[in-house]
Structures are given as structure tokens and as C-alpha cells.
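Participant: Same order as they appear, the protein sequences are chains H and W. FYI, the numbering for the first sequence is 1 to 337, going by my numbering. FYI, the numbering for the second sequence is 1 to 337, going by my numbering.
Hints are computed from structural coordinates only; laboratory data are not their basis. Careful, some of the hints might be misleading.
As the list claims (entries may be wrong) - To give an idea of the interface, some chain H residues facing chain W are shown, with a C-beta separation under 7 Å as derived from the structure:
hint, residue
1, T133
2, E252
3, R257
What the hints assert, rightly or not - Okay, derived cross-link-like pairs now, EDC-like style, lysine to aspartate or glutamate, Cα gap no bigger than 20 Å in a straight line:
hint, chain 1, residue 1, chain 2, residue 2
4, H, K254, H, D221
5, H, K254, W, D290
6, H, K296, H, D250
7, W, K331, H, E275
8, H, K325, W, D183
9, W, K325, H, D247
10, W, K267, H, D247
11, H, K331, W, E321
12, W, K212, W, D247
13, H, K254, H, E275
14, H, K325, W, E252
15, W, K331, H, E220
16, H, K325, W, E235
17, W, K331, H, E27
18, W, K331, H, E319
19, H, K267, W, D253
20, H, K267, W, E321
21, W, K325, H, D253
22, W, K325, H, E275
23, W, K267, H, E47
24, H, K246, W, E321
25, H, K331, W, E275
26, H, K331, W, E235
27, H, K267, W, E252
28, H, K325, W, D253
29, W, K176, W, E122
Just so it is clear, CB atoms sit at the ideal spot from N, CA and C, and this is done for glycine as well.
There are 2 protein chains.
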Amino acid sequence: MNWYLQSGKDSDVAISTRIRLARNLSEFKFNIKDKESVNKLEEKIKELSWNIGYGLKFFKLKDMDDITKMSLVEKNLISPEFALNRNEIGSILINDDENICIMINEEDHLRIQVFSSGFDIENTLNLAKELDTKIQSFLNYAMSNDYGYLTSCPTNVGTGLRVSVMLHLPALRKTKNIEKVLDAITNFGVNIRGIYGENSKSSSDMFQISNKKTLGISEEDIAKNIKIITEKIIEQERAARKFLIKDNLDLEDKVYRNFGILKNCRKISSSEVRELLSTVKLGTDLGIIDEMTDLKVLKLYLYTKPANLQKYLGEQYEELERDVKRAEVIKQIINEK
Amino acid sequence: MNWYLQSGKDSDVAISTRIRLARNLSEFKFNIKDKESVNKLEEKIKELSWNIGYGLKFFKLKDMDDITKMSLVEKNLISPEFALNRNEIGSILINDDENICIMINEEDHLRIQVFSSGFDIENTLNLAKELDTKIQSFLNYAMSNDYGYLTSCPTNVGTGLRVSVMLHLPALRKTKNIEKVLDAITNFGVNIRGIYGENSKSSSDMFQISNKKTLGISEEDIAKNIKIITEKIIEQERAARKFLIKDNLDLEDKVYRNFGILKNCRKISSSEVRELLSTVKLGTDLGIIDEMTDLKVLKLYLYTKPANLQKYLGEQYEELERDVKRAEVIKQIINEK
């Protein structure tokens with residue numbers, strides 16, 4: 001099963017871990033836009049894909065339909081800007097499990113990404129480094145003795161490493177402690193952002209935490225720093241949950257009402273699902289609701305997103321139709337044995 | 001089964017019909033308050049109850065516990081003021097089916113009430129008149145040759161007759177036509193009021209229509225007038241429903257969401273039940289929702305009211321506990337085979 005349908009360590013709070021390495025090839029200009037160079041670079045990677053191994057397969061974005069591309073965006077495997085560019089630029093290397101996805105000609109020539117469910121920086125980083133070493137054995141990276149890896153945007157120079165953990169923090173939000181916790185954390189060299197954009201921060205309990213600096217600090221220290229801070233947040237979220245469950249009738253009622261709406265509605269938007277599901281997930285993690293499982297929660301999150309819904313059903317639908325189909329899929333998933 | 005758990009003619013819109021006759025005995029003062037006269041009158045009726053027949057049994061209010069009295073109020077069998085008076089005044093004659101309930105020493109010496117489910121003025125009035133004649137064969141009513149029956153309050157003098165029909169008008173409210181319809185109707189000598197008080201009018205889709213005048217008009221004309229006006233309202237409510245069902249996805253979604261909340265909540269107030277249930281009833285009447293039946297809707301309306309909930313469970317509960325028990329009872333009723 002794909003990593004994003006699995007539960008991992010601490011996955012009551014930590015949904016997933018991502019490692020990203022920004023790499024560029026010395027023989028090409030940075031951030032290339034001319035078709036010829038783009039093609040040359042992408043063909044080069046394509047030819048190497050067999051040698052790199054890991055079951056990686058090469059796809060050009062221009063050969064993929066929009067729904068397939070958006071389904072990758074919804075899984076956080078590729079960036080929206082990358083998926084939506086209309087210049088016939090960009091390819092990916094991806095394996096069947098989808099825990100490795102390398103973007104080619106995004107902002108950098110290569111963005112090596114490795115994903116895992118739950119909170120697992122160490123193994124994820126190790127796999128990314130292993131993969132990086134393997135790729136480096138076939139290609140010359142653009143490097144500086146002074147700075148390390150060179151990148152298209154200066155914020156990534158150095159290690160080119162971004163460690164991200166996706167966190168579900170409903171109890172900190174419900175107890176109004178989230179701002180306090182997040183404010184405290186930004187002093188420790190991390191970025192934290194609501195996962196559905198800055199503006200809709202309040203509509204979601206999902207937050208992504210990642211390192212700010214990539215330069216003048218070792219990969220190990222970056223990883224350690226994120227690890228420690230994440231552990232602190234997890235601890236605080238769990239404390240908030242303990243507080244909520246003390247007087248759990250309100251919470252139980254809310255969990256089951258949301259469940260009742262999800263199971264019975266006849267049409268529903270993806271943002272409403274996300275909102276209702278957050279409390280249902282909290283209830284599932286706290287053992288409040290028998291009717292749900294971790295797998296069902298993960299499936300509901302994934303397959304109610306617009307593109308993945310259509311992937312799941314194997315058909316394309318207009319928006320209102322999608323809202324109706326979404327309600328059907330939710331009922332189906334909830335009723336699975 | 002009791003009349004209030006049955007469906008009658010036109011009961012998609014007309015919930016119930018009530019006939020009330022105000023009568024007073026010539027040998028007593030009106031609206032008596034002194035204990036001696038009160039007792040004398042009530043003992044007299046008690047002794048007669050066997051002769052009157054109809055399976056009527058006599059109960060003094062002071063011998064009934066508060067929950068039992070409130071459960072009768074919630075069924076609209078007795079008035080709240082009558083139930084709540086603390087002067088040890090008042091008795092009732094009631095049969096097992098509870099379609100006959102005579103209040104003794106309410107505003108008048110006797111308030112003969114007959115109820116039926118659905119829209120059935122004719123039979124209900126006939127039974128009330130039959131009963132009235134029977135009672136009159138044992139007692140002398142206070143009457144005037146000029147006016148007819150004399151009553152404690154001048155608004156009831158004459159026939160002493162009040163014909164009431166309880167109507168469920170969710171579609172007229174949803175389509176914002178209710179005010180227009182109700183305004184038009186008040187010109188035809190009828191009172192119409194939201195059934196949960198004037199102030200909370202907007203929180204309920206239940207309306208009671210009844211005649212204004214009791215004097216200078218025959219019983220038959222009063223009945224005919226209410227019948228014609230009720231038929232008009234029923235017609236308009238049904239037209240509004242046809243309009244709603246045309247684009248029925250919104251309605252179906254709302255019906256099922258409300259059903260989902262009712263079935264899954266862990267605590268709920270009686271007013272929220274009433275609100276959610278109104279649309280579920282509409283869905284049931286329109287054949288939109290398979291999971292419900294008329295009987296279940298009627299049971300849910302009745303047994304979620306505070307006193308009847310406690311009657312149903314045979315226990316007394318504090319308010320918060322009641323909200324929890326109410327949620328359990330709702331689930332039970334919905335799941336009945």
C-alpha cells in the first residue's frame with residue numbers, strides 16, 4: 001500500500017515526513033527555460049532512470065493529463081506551480097509506492113523528495129541521502145567549496161535540504177493554544193504554516209513544520225533541530241487532547257455529529273470534508289469512535305480531494321457532480337469492512 | 001395505539017385536529033378558587049365519570065407527579081397554566097387512548113376536548129357533541145337564551161367551541177411564503193400561531209390554526225370555515241413542496257444531514273430535535289428518505305420532549321443527562337425494525 005495510506009510512528013499527530021534535496025547539474029544553467037536545454041536535461045535523466053534504480057519511472061508532465069497531475073499535487077508529491085506550468089517544462093521520476101518523487105526542472109534541476117508516513121526523519125533522510133549519492137555517481141552537481149550545493153534560489157544554498165513534518169493539531173486549536181505554541185516555535189529556526197494557504201489557516205488543523213536555514217548548518221543538525229521541535233509540539237498536542245478528553249462528552253458529540261454528516265450527506269465540498277474529518281480523525285486517534293479506522297480516515301482525506309476523487313472513480317466530473325460523487329465515495333469508504 | 005402516534009387524513013401537512021367545548025355548571029360560580037367549591041365540583045364529576053362512559057377515568061392534578069402532568073402538556077392534552085397551578089385546583093377525565101381529555105376547573109368548569117390525528121374536523125366534532133350531550137344529561141349547563149353557553153371569559157361565550165388544526169408548514173417557510181399565506185388568512189376569522197410561542201415562531205415549522213369567533217355563528221359554520229381555510233393552506237404547502245422537490249438535491253442533502261446528526265449525536269436539546277426533525281419529516285412525507293417512517297417521526301417528536309422522554313425511560317434526569325438520554329432514545333427509535 002502507498003505510504004500515504006499507512007500509519008507510521010506518532011501518526012496520531014504526525015501525518016507524514018518529507019525530505020527534500022535541491023540539486024543542480026554543473027553543465028546546465030540554473031532554472032532553464034529554453035526548450036532545447038530543458039529537453040536535453042530531461043532526456044539525460046530519462047536515460048539514467050534505469051541505472052538509478054529504486055523502481056523509478058520517468059514521466060514528462062506534458063504527457064500527463066491534468067487530473068493525474070493534480071492528484072500528485074493533492075498528495076503533496078509535486079508543487080502546484082510545477083504541475084500547472086504551461087511551458088511543457090518538467091518531468092518526474094517516481095516509484096510505484098510513490099515514496100520517492102524527483103521533480104526535474106522545477107525551481108532546481110533536481111528536487112529529490114522522499115516521503116514516509118508518521119514521524120520518521122532518520123530513515124527518510126537516510127534514503128534521500130542514499131539516493132542522492134547514487135544520482136551523484138552519474139552526474140556532476142553544481143557545488144561550491146565555500147557554500148556547498150548551489151541552488152536556483154539562495155534560500156536553498158548549502159545543504160539544499162528541507163525537512164518537513166506534517167502535523168495534525170486539532171486539540172491545540174480547539175483549546176486556543178495553537179498561536180502561542182506556533183509563536184514560540186518560530187524562534188527556533190523553523191517555518192510553520194497552515195497547510196491550506198496562509199489565508200485559510202483557520203480552516204484547517206493541518207500544519208507543516210520545516211527548517212528555515214540550509215546554509216552553515218549540517219544536515220544532521222537540521223534534522224535534529226526539526227526532530228526536537230516536532231517532539232515538543234507532539235507532546236503539547238497530546239497534552240491538549242488529554243485535557244479535551246477529560247470532559248469528553250462535548251468532543252464525543254462533535255466527533256459523532258461530524259461522522260453523521262459525512263456518512264449521510266448527499267453532496268459535500270472537499271473543504272467541508274477536510275473540516276469535518278479533522279475532528280473525526282481526532283476522535284479516531286483518541287479511540288472515541290468505533291466506526292472508524294486510521295485507514296478509513298486516510299482514505300477519506302485522500303479520495304475526497306477533487307483530482308484524487310476523479311482518479312478513484314476513473315471518471316471526470318463537473319464541480320456539482322463531484323460534490324455528489326464525493327458524498328457517495330465517503331459513504332462507500334465508511335462502510336468498507 | 002394512541003391517536004398521536006397515528007397518521008390520519010392529510011397528515012403529510014395536518015398533524016392533528018382538536019375540538020374544544022367550554023362549559024360551565026349553573027350551580028357553581030365561574031372560575032371558582034375556594035377549596036370547598038372546587039372540591040365539591042370535582043367530586044361531583046368524579047362520581048359521574050362511570051355514567052358518562054367512554055372509558056373516562058378521573059384524576060386530580062394534585063395526585064399526579066410533575067413529569068406526568070408535563071407529559072400531558074407536551075401532548076397538548078392540557079394547558080401549561082392548568083398543569084402548573086399550585087393551588088391544588090383541577091382534575092381531568094381522560095380515556096386510555098387519550099383522544100378525550102376533559103379539564104375540570106381550568107378557566108371553565110369543564111373543557112371538553114376531543115383529538116384526532118390528521119385533518120378530521122367532522123368526526124372529531126361529532127364525538128365532542130355526543131360527549132357534550134351525554135354530560136348535559138347529568139348536569140345543568142350555565143346558558144343564556146340570548147347568547148348560548150356562558151363561559152368564564154367572554155371570548156368563548158356562545159358555542160364555546162374552538163376548532164384547532166395543527167399544521168406542519170416547512171415548505172412554505174423554506175420558500176419564504178409563510179408570512180404572505182398567514183397574513184391573508186387572518187382576514188378570514190381565524191387565529192394562527194407558531195406552536196412554540198409567539199417569540200420562537202421562527203424556530204418551528206408547526207402552526208396552529210383556530211377560529212376567532214364563538215358567538216353569533218353556528219358550530220357548523222365555525223367548522224366549515226376552519227375546514228375551508230385549512231384546505232387552502234394544505235394546498236399551498238403542497239404546492240411549495242412540489243417546487244422544492246423539483247430541485248431536490250439541496251433538500252435531499254439537508255434531510256439526510258439532519259437525519260445523520262439525529263442518529264449520531266451524543267447529546268441534543270429538545271428544541272434542536274424539533275428543528276432537525278421538521279426537515280426529516282418533510283423528507284419522509286415526500287418519500288425522499290427510506291430510513292424513516294411516519295411512526296418513527298411521530299415517536300421522535302413525542303418522546304424527545306422533556307417530560308415524555310422521562311416517561312418513556314421511566315426515570316427522572318437532570319437537564320444535561322436528559323440531553324444524553326434523548327440522543328440514545330433517538331438512535332433507538334430510528335433503529336427500530
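Participant: With reference to the structure, classify each hint as holding or not holding.
Facilitator: Verification of the hints:
no.	hint	verdict
1	T133	violated, 52 Å
2	E252	holds, 5 Å
3	R257	holds, 5 Å
4	H:K254 x H:D221	violated, 41 Å
5	H:K254 x W:D290	violated, 25 Å
6	H:K296 x H:D250	violated, 23 Å
7	W:K331 x H:E275	violated, 25 Å
8	H:K325 x W:D183	violated, 43 Å
9	W:K325 x H:D247	holds, 17 Å
10	W:K267 x H:D247	holds, 13 Å
11	H:K331 x W:E321	violated, 31 Å
12	W:K212 x W:D247	violated, 38 Å
13	H:K254 x H:E275	holds, 12 Å
14	H:K325 x W:E252	holds, 14 Å
15	W:K331 x H:E220	violated, 55 Å
16	H:K325 x W:E235	violated, 35 Å
17	W:K331 x H:E27	violated, 69 Å
18	W:K331 x H:E319	violated, 34 Å
19	H:K267 x W:D253	holds, 6 Å
20	H:K267 x W:E321	violated, 34 Å
21	W:K325 x H:D253	holds, 13 Å
22	W:K325 x H:E275	violated, 28 Å
23	W:K267 x H:E47	violated, 63 Å
24	H:K246 x W:E321	holds, 17 Å
25	H:K331 x W:E275	violated, 25 Å
26	H:K331 x W:E235	violated, 37 Å
27	H:K267 x W:E252	holds, 9 Å
28	H:K325 x W:D253	holds, 13 Å
29	W:K176 x W:E122	violated, 32 Å
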